[in-house]
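2 protein chains.
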Amino acid sequence: MELLKQKIVNEGKAIGSDVIKVDMFLNHQIDVDLLNEIGKEFKKRFSSDKITKIVTIEASGIGIACIAAQYFGVPVVFAKKGANRNVGDNLYKADVFSFTKGTTTTIGISKDYLSPDDHVLIIDDFMANGKAVHGLINILNQAGATTEGIGIVIEKGFQPGGDSLRSLGLKVESLAIIKSIDDGNIIFG
Amino acid sequence: MELLKQKIVNEGKAIGSDVIKVDMFLNHQIDVDLLNEIGKEFKKRFSSDKITKIVTIEASGIGIACIAAQYFGVPVVFAKKGANRNVGDNLYKADVFSFTKGTTTTIGISKDYLSPDDHVLIIDDFMANGKAVHGLINILNQAGATTEGIGIVIEKGFQPGGDSLRSLGLKVESLAIIKSIDDGNIIFG
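Those protein sequence lines, which keep their order, are chains A and B.
As numbered in our numbering, residues 873 to 1061 make up the first sequence, in order.
As numbered in our numbering, residues 873 to 1061 make up the second sequence, in order.
Source of the hints: derived by calculation from the structure; they are not laboratory data.
Fair warning: this is a prediction, and the values are worked out from it, not measured in the lab.
One should not assume that every hint holds.
Computed cross-link-like contacts, SDA-like style, restricted to lysine to any residue with a CA-CA straight-line distance of at most 25 angstroms [as the list claims (entries may be wrong)]:
#1 A/LYS983 / B/LEU906
#2 B/LYS893 / A/SER987
#3 A/LYS879 / B/TYR943
#4 A/LYS912 / A/PHE897
#5 A/LYS912 / A/LYS922
#6 A/LYS893 / B/ASN962
#7 A/LYS877 / A/ASP890
#8 A/LYS1003 / A/PHE971
#9 A/LYS885 / A/ASP1054
#10 B/LYS879 / A/ASP989
#11 B/LYS915 / B/GLN901
#12 B/LYS973 / A/ASN962
#13 B/LYS973 / A/ASP967
#14 B/LYS973 / A/GLY974
#15 A/LYS877 / A/PHE1030
#16 A/LYS1003 / A/SER987
Construct the complete structure from the given sequences, taking the supplied hints into account.
Structure representation (structure tokens):
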């Protein structure tokens, strides 16, 4: 997606050889016009009308998922991190290791909001090692729901998440794939 | 907002005398069509064209803020909870006590995304004791930004958050104010 790549190059910041900071438009401050273009692009790439729900994970996936959901006409469900007394025990759960934080978090989705009738598009802002997406797929499998595909805004192509999912036969669409970061320059794959 | 009140009555669950569960449409599963009506209503109630930014707090405020932002034509900035190595120390911070969880969390917004030129509409899903909103206002004050108003989807009118903000002379618009919960019945104020 050319507009997104330009935005990453013009406004993003490459830090070292593996961190891309895009919190000026994607995951802290949010450019909602850009999110609308992202939402339209996801709809183009996942044009199947079988999709019944968009699933994401808190926090930065939520805005992207909600804006995209307008083009699909379906509700969003987001996985929550950690425990919360208002959610209770009626949960499908999975453990997700975060390389960024060096910790394992339990994510959960209420059993009330996923069923074997659901055909789910998973959406997230970033994919590196893919642990969050694998956790979400684990949860969808527990619910008997079908994973129709995975839409990622920015994939770090030099990390194994994308390949690990594509090798399972899953449809993964990443709107910008970063092949490498070389001396502050971002090279797309 | 009549549509919202009907939704709360028809689909929400009152638990005891002080908990309203609306995670089937607002803060776990998200009805994006409803969010669009909520966004339009916020625009109607905060029609000033001075607003430059919508500020919210992760996680459940993000979807509401992003959908509403479409009607204001401004970006969203969400306060993050806890530390995150990709955000760093360049933060305005405030401590927020959560009565739900019984813990204090530090919330933060990067100094890059708030300035004295900003006129901010704060949006959140719920207000009870108002601690999260007070924390956001503290952050806006540190940045020298102007708090134009506070838009809340559901206010628990029997808890002190709303009054504590209105008594400061702030414009607070809550789309549904719950006066009390009586034997499973939700009474609006």
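Any hints from earlier that this structure breaks? Give me their numbers in increasing order, please.
none
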